[in-house]
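A.B. asks: Please model the entire structure based on the sequences and the hints provided.
Just so you know, the sequence shown maps onto residues 1 to 431 in full-length UniProt numbering.
Keep in mind the hints are simulated off the structure, nothing from the lab. There's no promise every hint is true.
Derived SDA-like pairs: lysine to any residue, alpha-carbon spacing no greater than 20 Å straight-line [said to hold, decoys possible]: (1) LYS340 to ARG206; (2) LYS108 to TYR226; (3) LYS108 to ILE96; (4) LYS348 to LEU332.
Simulated restraints, written as ranges between beta carbons of each label pair [said to hold, decoys possible]: (5) ILE222 to SER416: 26 to 32 Å; (6) GLU294 to TYR225: 22 to 28 Å; (7) ASP298 to ASP146: 46 to 52 Å.
Glycine is no exception: its CB is placed at the ideal position from the N, C-alpha and C atoms.
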Amino acid sequence: MSDISYDPNDPENFMSNEDYRREELLRREDQNDDVASINLRQPKSIKSSRRWPMYESLIDQQPQPKQPSMYSFQSKTNRIDDLYTHCSYHLAFTMIERNSNERLFGAKLLNKFSNSLTSILLHLNATRNDQAQQQNELCIHLITDDRIRLNLRETIDNVHRDLGKKSYLLTNMPHQRTMSSSEERFERFRPMVRYFFIDSYQIDTRLEYLLPTLRNCFTHKINSYYSQALFFYSMFLHQVIPNFMANRLILLDIDIQLDTNILKLFEEFDRFKEDEIIGIAYEQQPVYRHILHEYRRDNINTTAGSPPPQGFPGFNSGVLLLDLERMRRSKLYQSLLSPKIIEHLSQKYRFRGHLGDQDFYTLIGIDHRSLFHVLPCGWNRQLCQWWRFHGYGEVFDDYHRCQTSSIMLYHGNCNSALPTLTNYGDYRRRK
1 MSDISYDPND PENFMSNEDY RREELLRRED QNDDVASINL RQPKSIKSSR
51 RWPMYESLID QQPQPKQPSM YSFQSKTNRI DDLYTHCSYH LAFTMIERNS
101 NERLFGAKLL NKFSNSLTSI LLHLNATRND QAQQQNELCI HLITDDRIRL
151 NLRETIDNVH RDLGKKSYLL TNMPHQRTMS SSEERFERFR PMVRYFFIDS
201 YQIDTRLEYL LPTLRNCFTH KINSYYSQAL FFYSMFLHQV IPNFMANRLI
251 LLDIDIQLDT NILKLFEEFD RFKEDEIIGI AYEQQPVYRH ILHEYRRDNI
301 NTTAGSPPPQ GFPGFNSGVL LLDLERMRRS KLYQSLLSPK IIEHLSQKYR
351 FRGHLGDQDF YTLIGIDHRS LFHVLPCGWN RQLCQWWRFH GYGEVFDDYH
401 RCQTSSIMLY HGNCNSALPT LTNYGDYRRR K
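C.D. replies: Here's what the structure looks like:
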């Protein structure tokens, strides 16, 4: 163990002394054996591997009230595909720091992910089909790198520990209510959750040939926020994730908050038409009205950049349903991952975006709308209103309007405030 002292509360040490932090985490796991009944740690050779999962975390599907968290770390099996045998639902997040010096940015990143994960776990419950048959598992894939991996693991531990404490307080403290029958049923049918790390390096290598073109067409300047490769990862996940691992995947931004069971969102896959390979919601601001203003000026009858329902306002990639198998088989989609095609479409529509992968989906969606299944606005209720105050106030509500009886997922894009999350998933509603 290193002789260098380490204070975890010191922001200057947020990502320093990796070896010491790893040893410290292993020591903490040893102390938590009374909480986790099984605690089989992976050898360091697996922890430092750049291959598929860096570790696997299992959360007991029926936690006992007096235990703050029920989870265990299990070692890697001999067959990599055995890890995914019981994974019926695949969810993913991208968690990468922009550079090693931005520790404050990393802390904000982890805080947003913690809130998102908490909202998912609070509402998580098996679907009717799973209850009637065998309970299936939710597998959460974290696309990350070495700089933030250890802190991300600690964040996951803290979320489950805090959720366990809240459950204990609600069921065991004096003058507090006990669990209702519906809550007991909820705990009974809570699916098991697994966590896997995917090294971002694998996606970077696939993306390398196309990245200069993507940066030229979909970022407003070099080294801007959305010029990083991570904002284009979703376009290539079908090439990185093998078919034995997952054929359907939901990729979420970390600034989201669930107000319902996440497994209900997976039911949207069954509503895909034959040619649809990606599920995505419309952009709820007139951003593409602005980006396409030159093309719209010369093509007054176009619907590109116009508000729904008659127009095509563009897409928002905060919530993506990726049918990976269809993406692998689609010759049309594969042909669109070409520098020449992207440059041609960008010039045709005089399109110069600044929002990463959603610019790509919007651009190809103008000509190839059949590739996309449009999600209800309640599955990606975007809270940002930046364009209301920057030249588009008169038409803003035509884009931002979401006529639905319920909001299932809030998206706090452009750092918008999210509704307040309480113990059992109720929200203080936004006015």
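A.B. asks: Determine for every hint whether it applies to the structure shown.
C.D. replies: Here's how the hints hold up against the structure:
| no. | hint | in the structure |
| --- | --- | --- |
| 1 | LYS340 to ARG206 | 17 Å, holds |
| 2 | LYS108 to TYR226 | 17 Å, holds |
| 3 | LYS108 to ILE96 | 12 Å, holds |
| 4 | LYS348 to LEU332 | 19 Å, holds |
| 5 | ILE222 to SER416: 26 to 32 Å | 27 Å, holds |
| 6 | GLU294 to TYR225: 22 to 28 Å | 24 Å, holds |
| 7 | ASP298 to ASP146: 46 to 52 Å | 49 Å, holds |
Consistency with the previously given hints is maintained throughout, with no hint failing.
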